[in-house]
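Novice: Between the sequences and the hints, there should be enough to build the whole structure, so can you do that?
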Amino acid sequence: MPDIYDVTIVGGGPAGLYSAFYSGLRTMKTKIIESQTMLGGKVNIYPEKMIWDVGGLRPMRGEEFVKDLISQGLTFEPTVCLNTKVEYITKENGLFTLITDNGEKHISKTVIMANGGGIISPQKLDIEGASKYELTNLHYTVQRIERFKDKHVLISGGGNAAIDWAAELLHVAESVTVIYRKDELTAHEAQIKNLQENHVEIILNATITSLVANKENHAIDQVILEINGDNRAIAVDEVLINHGYNREASLEFEDGLQPEMKDDYYYIGTPKGVLSTEGIFAAGDIISYEGKVNLLVGAFQDALNAVNSAKVFIEPSAYDTAMVSSHNEVFKERNELLLKEELGI
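Plus 44 on top of the position in the sequence shown (first one is 1) and you've got this note's numbering.
Check before you lean on any hint, since a few could be wrong.
Derived PhoX-like pairs (lysine-lysine); straight-line CA-CA distance at most 25 Å [as the list claims (entries may be wrong)]:
| hint | residue 1 | residue 2 |
| --- | --- | --- |
| 1 | Lys-86 | Lys-336 |
| 2 | Lys-193 | Lys-176 |
| 3 | Lys-135 | Lys-306 |
| 4 | Lys-135 | Lys-149 |
| 5 | Lys-129 | Lys-86 |
| 6 | Lys-193 | Lys-237 |
| 7 | Lys-93 | Lys-336 |
| 8 | Lys-135 | Lys-73 |
| 9 | Lys-193 | Lys-259 |
| 10 | Lys-306 | Lys-86 |
| 11 | Lys-73 | Lys-376 |
| 12 | Lys-135 | Lys-153 |
The set of hints was computed from the structure by calculation and includes no laboratory data. From a predicted model like this one, the values you see are computed outputs, not experimental measurements.
Specialist: Right, dumping it as structure tokens:
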């Protein structure tokens, strides 16, 4: 029989990782099940973006933030299952069984749903043969801004992601051209104004019809557009596609276990992470309640509340919260090691 865990966390993004840290702090046997091949969740989509709005942290790039987040989340050595998708949850004799896409069964006293917006993947450019250019200069996110230095960049998309990247690359690239299939951009007005003031070419009612490659390096060097029925070729060095993301959320529950939902996806709960199904809790983007804060800092509060609720569910006599870290004996040895490192001892 598989090991029985106190809590199994579905999702290894910010909410899931902080849940793992806090459940370890509360001496709970913890497991994370993540569908992707890496931890970190949606922050991995924007590794070069600067994150400013986490209290007490200096501004840092998403990549660096994820690294620290993972390090913290693994502090108490939870079991981690990557590239593993939970497909079905059942309950028998007071224990939950999480059945994954590879047929494995994971047994747990409680479950914390921290699967955010679901399994997300960028909407690919729907042109025959486009995928082969992903190996050269067709991108769906920016992994390294330096890649675009002094380049002619074409960005396809009119939402916040596309326009934010156009603004980021504005003073890095030689030129930035934004194309959008509709007659009006949908991004924040301030960012659009910023592009207009910097004379970024914005082409509306435009769609990519084909890609022309350089025969020597097999990279795209021209993008053919259809603009109001006319064709136009644009010379490019790099192409960035921001057409949104697909979301897959096919997790199902045994009859009677399905928590109450909002909009056929988000769980309706309380600020303490409690859902309508006893023993199943939620944190992060996946949960909806009055006063919900859809920011990273909100995910952290959701996580500790969900863990505290799970702890008390398992042990009704347990304290509602863990002792604060500055006075918690569990960190005594770790603090001594950190102090020695700081002093060079």
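Novice: Sort out which numbered hints this structure fails and list those numbers smallest first.
Specialist: none
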